[in-house]
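Peer 1: Protein chains in written order, with the working numbering: chain F, 1 to 567; chain S, 1 to 246.
Note that these hints are calculated values from the structure, not bench results.
Even glycine gets a Cβ: it sits at the ideal position worked out from N, Cα and C.
Some hints here could point you the wrong way.
No more than 20 Å apart at the CA atoms, straight line, and that leaves these computed lysine to any residue pairs for SDA-like [to be verified]:
no., chain 1, residue 1, chain 2, residue 2
1, S, K199, S, P35
2, S, K136, S, H147
3, F, K232, F, A137
4, S, K123, S, M166
5, S, K136, S, E82
6, S, K199, S, A59
7, S, K123, F, R305
8, S, K123, F, F334
9, S, K123, F, P309
10, F, K232, F, L265
11, F, K438, F, L365
12, S, K199, S, A177
13, F, K357, F, V441
14, S, K123, F, S303
15, S, K136, F, K438
To be clear about the criterion: a stretch of chain S counts as covered by chain F if any three or more of its residues have a C-beta under 8 Å from a C-beta of chain F, and this derived list gives those stretches [unchecked claim]:
no., stretch
16, 59-71
17, 78-84
18, 89-96
19, 99-106
20, 197-210
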Amino acid sequence: MTGAFWYLIRTSMRNRLRRQASRLRTPRYAVAFALGIVYFWFFFLRNARTGALDATTTVVMLAFAGVAVLGYLAWSWVFGTDRTALAFTRAEVAMLFTAPVSRRGLILYKIAQSQLGILVSVVIWSVILNRAGDPVASLMRGLGLWVAISTLSLHRLGIGLWRAGATELGVGGARRSLPALLVFAAALGAVGWSFWSHWEWVSGASDARRTFDAIVSIVDLPPAAIVFYPVKLAFAPVMLRDPGPWAFAFMQALLLLSLHVWWVLSSDAAFEEAAAEASEHRAKQIEQLRARRGGTAVVTAKSVRRTIPLSATGTPAIAIVWKNALWMLRTNQFRALLIPPLMLFGGLLAFGTSDGKMGIVFAVLSGVFIVMLLLFGPVSMRNDLRSDLLHLPMLKTLPIPGRHVVLAQVMSGALSLAASQVLLVGVAYASLTLSPGKSPVPLQVIVACAIAAPAFLLALNAANFTLHNGLALLFPGWVRLGENGPGGVEATGQMMLTSLAMLLGLALLLVVPALAGGVGYLVFSTEMGTATLVGLLVAAVVLAAETWLMVSGLGRAFETVEPTHVG
Amino acid sequence: MISVSNLTKNYGDFTAVDDISFAVAPGEVLGLVGPNGAGKTTTLRCLAGIIAPSVGSVALAGHDVRTDGVAAKRALAFIPDEPHLFDHLTVEEHLRFVARVFGVADVEQRIGPVLAELELTEKRRSLPDELSRGMKQKLAIACGLLHDPTALVLDEPLTGLDPGGMRRMRATIAARARAGAAVVLSSHLLTLVEELCTKIFVIRRGRCVAYGSLAEIVGAHPELGGRSLEDVFLALTGDGEGQVAS
Numbered sequence: 001m002t003g004a005f006w007y008l009i010r011t012s013m014r015n016r017l018r019r020q021a022s023r024l025r026t027p028r029y030a031v032a033f034a035l036g037i038v039y040f041w042f043f044f045l046r047n048a049r050t051g052a053l054d055a056t057t058t059v060v061m062l063a064f065a066g067v068a069v070l071g072y073l074a075w076s077w078v079f080g081t082d083r084t085a086l087a088f089t090r091a092e093v094a095m096l097f098t099a100p101v102s103r104r105g106l107i108l109y110k111i112a113q114s115q116l117g118i119l120v121s122v123v124i125w126s127v128i129l130n131r132a133g134d135p136v137a138s139l140m141r142g143l144g145l146w147v148a149i150s151t152l153s154l155h156r157l158g159i160g161l162w163r164a165g166a167t168e169l170g171v172g173g174a175r176r177s178l179p180a181l182l183v184f185a186a187a188l189g190a191v192g193w194s195f196w197s198h199w200e201w202v203s204g205a206s207d208a209r210r211t212f213d214a215i216v217s218i219v220d221l222p223p224a225a226i227v228f229y230p231v232k233l234a235f236a237p238v239m240l241r242d243p244g245p246w247a248f249a250f251m252q253a254l255l256l257l258s259l260h261v262w263w264v265l266s267s268d269a270a271f272e273e274a275a276a277e278a279s280e281h282r283a284k285q286i287e288q289l290r291a292r293r294g295g296t297a298v299v300t301a302k303s304v305r306r307t308i309p310l311s312a313t314g315t316p317a318i319a320i321v322w323k324n325a326l327w328m329l330r331t332n333q334f335r336a337l338l339i340p341p342l343m344l345f346g347g348l349l350a351f352g353t354s355d356g357k358m359g360i361v362f363a364v365l366s367g368v369f370i371v372m373l374l375l376f377g378p379v380s381m382r383n384d385l386r387s388d389l390l391h392l393p394m395l396k397t398l399p400i401p402g403r404h405v406v407l408a409q410v411m412s413g414a415l416s417l418a419a420s421q422v423l424l425v426g427v428a429y430a431s432l433t434l435s436p437g438k439s440p441v442p443l444q445v446i447v448a449c450a451i452a453a454p455a456f457l458l459a460l461n462a463a464n465f466t467l468h469n470g471l472a473l474l475f476p477g478w479v480r481l482g483e484n485g486p487g488g489v490e491a492t493g494q495m496m497l498t499s500l501a502m503l504l505g506l507a508l509l510l511v512v513p514a515l516a517g518g519v520g521y522l523v524f525s526t527e528m529g530t531a532t533l534v535g536l537l538v539a540a541v542v543l544a545a546e547t548w549l550m551v552s553g554l555g556r557a558f559e560t561v562e563p564t565h566v567g
Numbered sequence: 001m002i003s004v005s006n007l008t009k010n011y012g013d014f015t016a017v018d019d020i021s022f023a024v025a026p027g028e029v030l031g032l033v034g035p036n037g038a039g040k041t042t043t044l045r046c047l048a049g050i051i052a053p054s055v056g057s058v059a060l061a062g063h064d065v066r067t068d069g070v071a072a073k074r075a076l077a078f079i080p081d082e083p084h085l086f087d088h089l090t091v092e093e094h095l096r097f098v099a100r101v102f103g104v105a106d107v108e109q110r111i112g113p114v115l116a117e118l119e120l121t122e123k124r125r126s127l128p129d130e131l132s133r134g135m136k137q138k139l140a141i142a143c144g145l146l147h148d149p150t151a152l153v154l155d156e157p158l159t160g161l162d163p164g165g166m167r168r169m170r171a172t173i174a175a176r177a178r179a180g181a182a183v184v185l186s187s188h189l190l191t192l193v194e195e196l197c198t199k200i201f202v203i204r205r206g207r208c209v210a211y212g213s214l215a216e217i218v219g220a221h222p223e224l225g226g227r228s229l230e231d232v233f234l235a236l237t238g239d240g241e242g243q244v245a246s
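The task is simple: from the sequences and hints, build the whole structure.
Peer 2: In C-alpha cells:
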C-alpha cells in the first residue's frame with residue numbers, strides 16, 4: 001500500500017507542476033509569472049541578500065515564534081479547534097477510507113503528504129532568515145526548521161488523534177479538555193511565577209534591548225525554563241550557528257521528532273469520522289480563504305439576521321443593487337467603510353481642534369484615505385460582475401437590459417465607496433475649518449470642494465468600478481471570477497498586471513474631464529471658490545458621461561457574452 | 001407560445017445545433033430528448049436567451065429573444081439542471097429578488113404558498129450553502145415559478161429531487177401547462193417525457209431526428225409500433241439495437 005501512497009503523492013505533485021508549467025505557455029500567464037517572480041525577488045530575496053537579518057532580530061523572531069507555538073499548542077490541546085491536522089481531502093476520504101488500508105497506513109500517508117508543505121515552508125523561511133547568504137548556515141537552519149516544523153506538524157496530528165480517541169471512548173467536552181487545561185494552567189502559573197520573582201530585572205532595564213535580554217534570562221531559569229524546554233529543544237537547531245552545539249541540538253531535536261513519530265503511529269484511535277468531518281471543514285476553510293484572498297468576504301448563517309427591505313415593484317435593476325448591498329451588510333463591508341471616517345473624526349475631536357497643525361494632519365489623512373479607498377476599494381469589494389459572471393446563465397434570463405445590469409453592478413460598489421469618501425471629506429472640512437490657526441487652503445475652496453465632493457467622488461468611483469467590471473466582462477481570463485482561482489506566482493503577477501491596467505485606464509479616463517474641469521475653472525477664475533466648484537462639477541459631469549458610454553458598451557457586451565466565453 | 005425557426009448554433013467549425021424548428025403552443029409540453037452531447041442544453045440556452053443563435057430565431061410569447069429580449073424574458077422561466085443561486089441571499093430573499101425583477105407586486109401573498117409547495121418553509125432564512133442539492137433545485141424551481149411564466153423551459157427538472165419532490169414537480173408542470181403555459185423540458189427520464197409531453201422532439205448531433213406526438217413519430221416508423229418510448233428513443237438516436245435509418 002505504501003507504493004500506492006507514494007504513487008499518489010508523486011503523481012499529484014507532478015501533475016500540479018505540469019499544469020502550472022503548461023499555463024506558462026499562454027502569454028498572459030508567462031508575463032504574469034515573470035512579474036510575480038520580480039515581486040517575490042523584490043520583497044524577499046533582495047532583502048535576504050542585501051539586508052540580511054542580524055542575530056538579534058533572528059533570536060527575537062524565533063523567541064516570538066516559540067511563544068506563539070506554545071500558545072497555539074495549548075489552545076489546540078484545550079479547545080481542539082485545529083481540525084485541519086486530521087483533514088484529508090474529499091477525494092482522499094472517498095478513495096482511501098474505503099480502501100483496504102490500515103489506520104496506521106492512513107496516518108503514514110498523512111505524514112508523508114505533509115512533508116511537501118513542510119519542505120516549501122522550510123525553503124521560504126530559510127531564505128527569509130538567511131544571514132548574508134552563507135550556504136552552510138542556511139543548510140543548518142533549513143535542517144533545523146525541517147525538524148522543528150515536522151515535529152510541530154506531528155504534534156498537531158497527535159492532538160487530533162488523541163481527541164478523536166477520547167471521543168471514541170465517550171470522553172468529550174470539558175472532561176476531555178480538563179487534563180490539558182490543568183497542565184497548561186500550571187505551565188502558565190510557572191511562567192508567571194518566574195516573571196513575578198524576577199520582575200525587577202525587567203523593570204530595571206533601561207532600553208528595549210536590555211528588556212528583551214532580561215526576559216530571555218528569566219525564561220532560561222526554572223520553572224519557566226522547564227515549560228519552554230520542549231519548544232526550545234525543537235527550535236534550538238534553528239538558532240545555533242556553531243557546528244558542534246548545532247549537531248548536538250540537532251540530534252536532540254531528531255530524538256524529539258522520533259518520539260512524535262512513535263506517538264502518532266502507535267495511536268489506534270478510530271479517527272475516520274473526525275477526519276471526514278475535518279475534511280469537510282477544511283474544504284470550506286479553503287473556499288473561505290480563497291474568497292478572502294481575493295477580497296470576497298464570506299457570508300455566514302449568523303449574519304443573515306441583518307437585512308434590508310426591498311419593494312416588490314419599481315426598477316428591476318434595483319434588485320441587483322439590493323443583492324449586492326446585502327452582501328456588503330452581511331460581510332461587514334459597510335462597517336469597514338465607516339471605520340476610517342469615524343476613526344479620523346474621533347481623533348479630530350480628541351486632538352485636532354486644539355491645534356491648527358493637527359487639523360491639517362487630519363485633513364491630509366482624510367485625503368490619503370480617500371485615495372486609498374479609490375484605488376483599493378474596488379479590489380476588495382468584488383461583489384459585482386466579477387462574482388456574478390459565474391451566474392451568467394441565470395443573470396441572462398432576467399428581463400433587465402444589459403446596460404442596466406452593468407450599471408447596477410457598478411453603482412453598488414461606487415455608491416458605498418463614495419459615501420465613505422464623502423464622510424472623509426466632511427472630516428477634512430471640519431479639520432480645516434474648526435481648527436484654530438490659518439488654513440493653508442482658502443475657505444471658499446474648502447467649501448466648494450465639500451459641495452462638489454458627492455457628485456465628483458460618485459463619478460470617479462463609478463468610472464473606476466466600470467473599468468474593473470469591464471475588464472471582467474471583456475477579458476474574463478485576466479480576472480479572477482468568484483471565489484476560486486489559480487494561485488501561485490503567476491496569480492500574483494496577474495493581479496499586478498490588472499492593477500496597473502486599471503490605474504492606467506483611470507488615468508486616461510480622467511484626461512478629458514480634467515481638461516473640461518480646467519476650462520470651467522478658468523471661466524470663473526476671478527472667484528476661486530466658484531471656479532473650484534464649477535471645475536469639479538464639470539469634471540464630474542464629463543466623467544459621468546464617459547462612464548455612461550462605457551456602461552452602454554458593456555451592456556451590449558453583456559447581452560452578447562456567452563457562458564463559454566467566461567469559462 | 002414558444003417558437004423556434006431554423007435555429008443553428010455554431011462554435012467555430014463545430015455545429016452544436018443544426019437548423020431545427022418547432023413551436024409549442026400554450027398548454028403544450030414539448031419533450032426535448034437526445035443522447036448526451038446532442039445539443040439539448042444548447043437549444044434550451046438559446047430559448048432562454050443565454051446564448052444567441054448563429055442563425056434562426058427564437059420567440060417567447062411573441063417577442064423575439066434577440067431583438068426584444070426584455071419583453072420575451074418577462075414571460076420566461078428557465079430552470080437549469082444546475083441551480084445558480086447567490087451565496088449570500090437566503091431562500092426567501094431569492095424569491096424577493098425575483099419578485100422585484102419580474103415586478104410581482106403580490107409577492108407577500110405568494111411567498112408562503114410557494115415555499116410550502118416546495119417544502120422550503122422551514123428553510124426560508126437559510127443560505128444556499130445550508131441546503132441540500134435537492135433543496136437548491138427546489139429553490140431554483142420556486143424562483144422560476146413565482147412570476148407565473150407563460151413560457152417554461154426546464155433542463156432536467158427532476159435532478160436531485162426526492163420521490164415526493166419529483167411527483168409534485170410533475171404535477172406542477174402539468175398544472176402550469178393546463179393553465180396555459182407553453183413548456184419545453186429536456187430530460188433523460190423517458191417515463192417523465194412519456195407522462196407529461198404532448199410532443200416529442202428527438203435531437204441527435206444537433207439535428208432533428210423526429211418531431212411530433214409519440215403516435216405521430218411511431219406512425220412515421222411503423223417498425224417501432226407497440227414498442228416503448230425507450231425503445232423508440234434508442235432506435236431513433238442510434239444509441240442501441242434496432243436503429244432506424246433516417
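Peer 1: State for each hint whether it applies.
Peer 2: Evaluation of the provided hints:
About 18 Å separates the Cα atoms of K199(S) and P35(S), which keeps this hinted pair within 20 Å; it holds. Of the pairs offered as hints, the one joining K136(S) and H147(S) holds, with about 18 Å between alpha carbons and a cut-off of 20 Å not exceeded. A hinted pair counts as satisfied when its Cα atoms are at most 20 Å apart, and K232(F) with A137(F) qualifies at roughly 19 Å. Simply put, K123(S) and M166(S) have alpha-carbon atoms about 19 Å apart, close enough for the 20 Å limit, and the pair holds.
Taken as a hint, the K136(S) and E82(S) pair is honoured in the structure, with Cα atoms around 9 Å apart against an allowance of 20 Å. This hinted pair checks out: K199(S) and A59(S) have alpha carbons roughly 18 Å apart, not beyond 20 Å. Between K123(S) and R305(F) the CA atoms are separated by roughly 14 Å; this keeps the pair inside 20 Å, and the hint holds. Taking the CA atoms of K123(S) and F334(F), the gap is near 27 Å; set against the 20 Å cutoff, the hint is violated.
Proposed proximity of K123(S) and P309(F) is supported: the alpha carbons are some 19 Å apart, at most 20 Å. Restraint check for K232(F) and L265(F): the C-alpha separation of about 24 Å exceeds 20 Å, so the hint is violated. For the proposed pair K438(F) and L365(F), the alpha carbon gap of about 18 Å is at most 20 Å, so the pair holds. About 13 Å separates the Cα atoms of K199(S) and A177(S), which keeps this hinted pair within 20 Å; it holds.
Taking the CA atoms of K357(F) and V441(F), the gap is about 13 Å. The hint holds against a cut of 20 Å. With a C-alpha separation of about 15 Å, the suggested pairing of K123(S) with S303(F) holds against the 20 Å cut-off. Between K136(S) and K438(F) the CA atoms are separated by roughly 63 Å; this puts the pair beyond 20 Å, and the hint is violated. Only residues whose C-beta sits within less than 8 Å of a C-beta in chain F count toward coverage, and the stretch 59-71 of chain S has 3 of them, enough to reach three; the restraint holds.
Under a criterion of three residues with beta carbons nearer than 8 Å to beta carbons of chain F, the stated coverage of the stretch 78-84 of chain S is upheld, 3 such residues being counted. With a cut-off of 8 Å between beta carbons, the stretch 89-96 of chain S has 4 residues touching chain F; three or more are needed, and the interface restraint holds. Counting residues of the stretch 99-106 of chain S whose beta carbon lies closer than 8 Å to any beta carbon of chain F gives 8, which reaches the threshold of three, so the coverage claim holds. Counting residues of the stretch 197-210 of chain S whose beta-carbon sits less than 8 Å from any beta-carbon of chain F gives 0, not enough to reach three: the coverage restraint is violated.
In terms of the numbered hints stated before, the structure departs from hints 8, 10, 15, 20, listed from lowest to highest.
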